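S.K.: Listed below, chain by chain, are the residues.
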Amino acid sequence: MMGFIWFWLVAVMIVGYVVLDGFDLGVGVLHLFLARNEAERKATLASIGPVWDGNEVWLLAGGGTLYFAFPLLYASAFSGFYLPLMIVLWLLILRGVSLELRNHIDVGVWRALLDGLFGVASALLTIFFGAALANVLRGVPLQVDGYFFLPLWTNWQPGPHPGILDWYTVIGGLLALVALTLHGALWLTIKTSGELAQRARGIVTPLWFMLAALTVISLVATIAVRPASLDNYFSYPVTFVVPVGVIASMAGVWLLNRGAQPVKAFLSSCLYLFFMLAGACWGLYPTLLPATTGTDRDITLSRAISGPHTLAVGLVWWGFGMALAIGYVVFVYGKFRGKADLNTEAH
Amino acid sequence: MTAELIHRLHFAFTVTFHYLFPQLTMGLALLIVVLKSVALKTGSEQWDRAARFWGRIFGINFVFGVVTGIPMEFEFGTNWARFSQLSGGVIGQPLAMEGVFSFFLESAFLGLFLYGEKRISKWMHWFSAVMVFIGSWISGFFIIVTDAWMQHPVAFDRLPNGQFQVLSFWQLLLNPWGLLQYAHNMTGAVVTGSFVMAAVGAFYLLEGRMMGYARIFLKVGVIAGLIASIVIIFPTGDLHGKYVARNQPAAIAAMEGLFKTEDGAGMVLIGQPNEETGQIDNPIVVNDALSFLIYGTTKAEVKGLDQIPHDQWPTALPLLFYAYHIMAGLGTWFVLLMIVSAFLLWRQRLYQSRLVLWALLLSFPLPYIANTAGWMTAELGRQPWLIYGLMRTSEGYSNTVSASNGLFTLLGFMGIYSLLGLLFTVLIYREISCGPEPKPILADASITN
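These protein sequence lines are chains C and Z, in that order.
Under our numbering, the first residue of the first sequence is numbered 29, with each subsequent residue one higher.
Under our numbering, the first residue of the second sequence is numbered 633, with each subsequent residue one higher.
Keep in mind that the hints were calculated from the coordinates and are not lab data.
As the structure is a computational prediction, the values presented were derived from the model and not from experiment.
Among these hints, one or two may not hold up.
What the hints assert, rightly or not - Each pair of labels, with its calculated beta carbon distance range:
{"#": "1", "chain 1": "Z", "residue 1": "LEU901", "chain 2": "C", "residue 2": "TRP345", "range": "39 to 47 Å"}
{"#": "2", "chain 1": "Z", "residue 1": "TRP802", "chain 2": "C", "residue 2": "PRO234", "range": "54 to 62 Å"}
{"#": "3", "chain 1": "C", "residue 1": "VAL344", "chain 2": "Z", "residue 2": "LEU901", "range": "45 to 53 Å"}
{"#": "4", "chain 1": "C", "residue 1": "TRP345", "chain 2": "Z", "residue 2": "LEU1022", "range": "23 to 31 Å"}
{"#": "5", "chain 1": "C", "residue 1": "ARG365", "chain 2": "Z", "residue 2": "LEU987", "range": "29 to 37 Å"}
{"#": "6", "chain 1": "Z", "residue 1": "LEU1043", "chain 2": "C", "residue 2": "GLY144", "range": "19 to 27 Å"}
{"#": "7", "chain 1": "Z", "residue 1": "LEU1054", "chain 2": "C", "residue 2": "TRP36", "range": "14 to 22 Å"}
{"#": "8", "chain 1": "C", "residue 1": "VAL344", "chain 2": "Z", "residue 2": "LEU1043", "range": "38 to 46 Å"}
{"#": "9", "chain 1": "C", "residue 1": "TRP36", "chain 2": "Z", "residue 2": "GLY1067", "range": "50 to 58 Å"}
{"#": "10", "chain 1": "C", "residue 1": "ARG64", "chain 2": "Z", "residue 2": "ASN793", "range": "57 to 65 Å"}
{"#": "11", "chain 1": "Z", "residue 1": "LEU1022", "chain 2": "C", "residue 2": "PRO336", "range": "46 to 54 Å"}
{"#": "12", "chain 1": "Z", "residue 1": "MET843", "chain 2": "C", "residue 2": "LEU343", "range": "37 to 45 Å"}
Claimed, not checked - Result set (DSBU-like, lysine-lysine): computed pairs, CA atoms no more than 35 Å apart in a straight line:
{"#": "13", "chain 1": "Z", "residue 1": "LYS673", "chain 2": "Z", "residue 2": "LYS754"}
{"#": "14", "chain 1": "C", "residue 1": "LYS292", "chain 2": "C", "residue 2": "LYS363"}
{"#": "15", "chain 1": "Z", "residue 1": "LYS874", "chain 2": "Z", "residue 2": "LYS754"}
{"#": "16", "chain 1": "Z", "residue 1": "LYS750", "chain 2": "Z", "residue 2": "LYS673"}
{"#": "17", "chain 1": "C", "residue 1": "LYS367", "chain 2": "Z", "residue 2": "LYS673"}
{"#": "18", "chain 1": "Z", "residue 1": "LYS892", "chain 2": "Z", "residue 2": "LYS931"}
{"#": "19", "chain 1": "C", "residue 1": "LYS292", "chain 2": "C", "residue 2": "LYS367"}
{"#": "20", "chain 1": "C", "residue 1": "LYS363", "chain 2": "Z", "residue 2": "LYS754"}
{"#": "21", "chain 1": "Z", "residue 1": "LYS754", "chain 2": "C", "residue 2": "LYS292"}
{"#": "22", "chain 1": "Z", "residue 1": "LYS673", "chain 2": "Z", "residue 2": "LYS851"}
{"#": "23", "chain 1": "C", "residue 1": "LYS363", "chain 2": "Z", "residue 2": "LYS673"}
{"#": "24", "chain 1": "Z", "residue 1": "LYS851", "chain 2": "Z", "residue 2": "LYS750"}
{"#": "25", "chain 1": "Z", "residue 1": "LYS754", "chain 2": "C", "residue 2": "LYS367"}
{"#": "26", "chain 1": "C", "residue 1": "LYS292", "chain 2": "Z", "residue 2": "LYS750"}
{"#": "27", "chain 1": "Z", "residue 1": "LYS851", "chain 2": "Z", "residue 2": "LYS874"}
{"#": "28", "chain 1": "Z", "residue 1": "LYS874", "chain 2": "Z", "residue 2": "LYS931"}
{"#": "29", "chain 1": "Z", "residue 1": "LYS892", "chain 2": "Z", "residue 2": "LYS874"}
{"#": "30", "chain 1": "Z", "residue 1": "LYS935", "chain 2": "Z", "residue 2": "LYS892"}
{"#": "31", "chain 1": "C", "residue 1": "LYS367", "chain 2": "Z", "residue 2": "LYS750"}
{"#": "32", "chain 1": "Z", "residue 1": "LYS874", "chain 2": "Z", "residue 2": "LYS935"}
{"#": "33", "chain 1": "Z", "residue 1": "LYS750", "chain 2": "C", "residue 2": "LYS363"}
Here a beta-carbon is modelled for each residue, glycine too, at the ideal position from N, C-alpha and C.
Please construct the entire structure, taking both the sequences and the accompanying hints into account.
M.R.: Structure representation (structure tokens):
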């Protein structure tokens, strides 16, 4: 029971991270293409200025939750994905600093450089995150002791000895790139105005078609790479509501964006991300990290779970703390409601 | 080089660089609350601008703290996997609590403090500053709880698979080691914050500009600096030292360079520990002082390294000795400088005393060095243990990550952090050159309008 609860609490943290940091990553990807002059660029970046740092906290809080609830998974996955995680860390550093820095430097060339860095780092991060999730769904070559070490790539095949990147995980990376870019575009339709908002709204259409195609491809590919992903769905057919939710939320994005209802379209996109991630988690459960080297080596819930007292104590403070945290998030987003400020003095 | 050494250096380098930022964040957060409170109470626009100025510096510093802090939480897993697997049930807890209880609070209210002043009331803006202060100090607390458990493990048992498990949540949080270390460490952060504030004040006065703001910075910096410089030695440093002496005799013996057990042990002020001969070369010693400081009597016996099995000696003994002495020596200088400055402030002569202003200006890097040396003392003193008395450092690193992979990413961090250091310097230099007066409209603003 504790295992079930904590599995889904960690999943909630991941969904929270993707939904929130997802839109500022998407804005990072888009700002290079959408903003045509300094004023528009400022408006684009001002839409995420007060919140991106808080959004990133979900990654940290999620990592910490994973650490104490499933120490073996945290230890195995973080050391096994050593090289790509270090690249992710470097990208997060460069991205955060370039965003903050550009407001302090008023020399055109330097600004252009930092803007480019911010865009590229944002795009690469979405690809890495998507590929990371695909790595978990595909499985890794676990040794008997529960550890592994993955090279960046091997022969691009998701066989028993894959690399971080193969054709399957690349699809995952592209899916994340398109999904979060679309998510960011919808955010911009809410937070900006005029031509900029029109352009953001316009770019949703091509992105939507790409996303629809990639969603189907990734679904088929996942079933091909790990057929066991469907087991839970057939055992509990009611859970086919998840793929139905994916389709419904995609339709919602299309219709609501067409109907000029930016907030609702954005919320639809949040739902899409939620259903996709929840669907992936349900496909894994109760495995946390499948082994490509034989299912007896899988890191499962019962193998990775922390001691019962730790989890019982954790449940109390975690529930209390996250309730507070959600309160702050709601409060701050409420205060910054509406179009982004352009002439705030600070920064 | 061995994988163990690389992983130690990896963590040590990234955490040392990281802590340059939070120590100022935590110290300044308190001082900004002071500035905002005076502004709110007196309605003074000047104090409000002073608070906004330090808010901008805080904001830059905070971002660098955040981006260098994220790697720390990852490195427990990437570089110290075997340690994380066994200890996650205990120390994963305070680390997760830091995210849940502190970072959400801090980031939410900092966004409001820096970007939202026009959207909220004066009172709410003050409240945001207070919440940022509370958030940053809670964050420090959970990190200290984590470290304190590694230094002085309490309230745990072990599961059949070897994992540690928390038995009492409150005993984990209220670990006496942690409370003493927290008090000492946070005072250290206030020392950094107040020395930096005083140094900027001194800089403006020596340059002969921003005189009004300079006086505010000096007044707040010197008063806070005096209090913090005293409190960091007595009672916090004194109590923490006594607790270390009772619980980690090997650490205190190595810090003090006490090779032989003595009744009425002396305190070495300066010298070089020589591990081969087991003595201090070229020492200057104050007789009986160590016994007195630890046990309150000049005749008490202090355990030397001769009573500790050699395989339990701290592994970098001279480095530990020097780090501790640098910290203690600088601490003495802080008190002296702040007593003189505070006396002059009281006699209303500080603003004209160029020599003391120069000393204040040049002293701003020293608290960074002292805080770093203090952390090195704590962490080197814990060696060769990762969890004191329970798990050796050699048993904790990720053995799937080879030494050369570790070296590659360590060099990568060194490169990126050099760049960050450079950028940070440029940004802070710009803020200080512009000063607290409202900025003239920037060139690009004309495009906006």
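S.K.: The structure should be examined with respect to each hint, and the outcome stated for every one.
M.R.: Consistency of the hints with the structure:
The hinted range of 39 to 47 Å is satisfied by LEU901 (chain Z) and TRP345 (chain C), whose Cβ atoms lie roughly 46 Å apart. One distance hint, 54 to 62 Å for the beta-carbon pair TRP802 (chain Z) and PRO234 (chain C), holds here, with the actual separation near 56 Å. Taking the beta carbon of each, VAL344 (chain C) and LEU901 (chain Z) are about 50 Å apart, inside 45 to 53 Å as hinted. Taking 23 to 31 Å as the suggested C-beta distance range, the pair TRP345 (chain C) and LEU1022 (chain Z) conforms, at roughly 25 Å.
Remark: the range hint 29 to 37 Å for ARG365 (chain C) to LEU987 (chain Z) is contradicted by a beta-carbon distance near 54 Å. Take LEU1043 (chain Z) and GLY144 (chain C): their Cβ atoms lie about 25 Å apart, and the range 19 to 27 Å holds. Evaluation of the 14 to 22 Å hint for LEU1054 (chain Z) and TRP36 (chain C) yields a failure: the beta carbon distance comes to about 44 Å. At about 43 Å, the beta-carbon gap between VAL344 (chain C) and LEU1043 (chain Z) stays in the expected band of 38 to 46 Å.
Our hint of 50 to 58 Å for TRP36 (chain C) and GLY1067 (chain Z) holds, since their Cβ atoms are close to 52 Å apart. One distance hint, 57 to 65 Å for the beta-carbon pair ARG64 (chain C) and ASN793 (chain Z), holds here, with the actual separation near 59 Å. At about 21 Å, the beta-carbon gap between LEU1022 (chain Z) and PRO336 (chain C) misses the expected band of 46 to 54 Å. As the Cβ distance of MET843 (chain Z) to LEU343 (chain C) is approximately 57 Å, the hint placing it in 37 to 45 Å is violated.
Among the hinted pairs, LYS673 (chain Z) with LYS754 (chain Z) is consistent with the structure: their alpha-carbon atoms are about 11 Å apart, no more than 35 Å. Distance hint between LYS292 (chain C) and LYS363 (chain C) is fulfilled; the C-alpha atoms sit about 19 Å from each other, no more than 35 Å. Using a Cα cut-off of 35 Å, the hinted pair LYS874 (chain Z) and LYS754 (chain Z) is violated, with the two alpha carbons roughly 45 Å apart. Proposed proximity of LYS750 (chain Z) and LYS673 (chain Z) is supported: the alpha carbons are some 19 Å apart, at most 35 Å.
Taking the CA atoms of LYS367 (chain C) and LYS673 (chain Z), the gap is near 33 Å; set against the 35 Å cutoff, the hint holds. Of the supplied pair hints, the one linking LYS892 (chain Z) and LYS931 (chain Z) holds, its CA atoms being roughly 15 Å apart against a limit of 35 Å. At roughly 16 Å between alpha-carbon atoms, LYS292 (chain C) and LYS367 (chain C) fall within 35 Å of each other, so this suggested pair holds. For the hint pairing LYS363 (chain C) with LYS754 (chain Z), the CA-to-CA distance comes to about 14 Å; that is within 35 Å, so the pair holds.
With a CA separation close to 33 Å, the supplied pair LYS754 (chain Z) and LYS292 (chain C) stays within the 35 Å bound. Between the alpha carbons of LYS673 (chain Z) and LYS851 (chain Z) the distance comes to roughly 17 Å, so the proposed pair stays at or under 35 Å and holds. Straight-line distance between C-alpha atoms of LYS363 (chain C) and LYS673 (chain Z) comes to about 25 Å, which keeps the hinted pair within the 35 Å bound. Between LYS851 (chain Z) and LYS750 (chain Z), the direct Cα distance comes to roughly 29 Å. Compliance with the 35 Å bound is thereby established for this hinted pair.
A distance of roughly 22 Å separates the Cα atoms of LYS754 (chain Z) and LYS367 (chain C); the hinted pair therefore holds under the 35 Å criterion. Under the criterion of a C-alpha separation no larger than 35 Å, the hint pairing LYS292 (chain C) with LYS750 (chain Z) is consistent with the structure, at around 27 Å. Note on LYS851 (chain Z) and LYS874 (chain Z): the hinted pairing holds, with a Cα-Cα distance of about 34 Å set against a maximum of 35 Å. A threshold of 35 Å between alpha carbons decides the hint, and for LYS874 (chain Z) with LYS931 (chain Z) the separation of about 16 Å falls inside it, so the pair holds.
A hinted pair counts as satisfied when its Cα atoms are at most 35 Å apart, and LYS892 (chain Z) with LYS874 (chain Z) qualifies at roughly 19 Å. For the given pair, LYS935 (chain Z) sits about 7 Å from LYS892 (chain Z) by alpha-carbon distance, which is consistent with the 35 Å threshold. With a C-alpha separation of about 14 Å, the suggested pair LYS367 (chain C) and LYS750 (chain Z) falls inside the 35 Å cut-off, and the hint holds. A hinted pair counts as satisfied when its Cα atoms are at most 35 Å apart, and LYS874 (chain Z) with LYS935 (chain Z) qualifies at roughly 13 Å.
Using a Cα cut-off of 35 Å, the hinted pair LYS750 (chain Z) and LYS363 (chain C) holds, with the two alpha carbons roughly 10 Å apart.
Comparing the model with each numbered hint stated earlier shows that hints 5, 7, 11, 12 and 15 do not hold.
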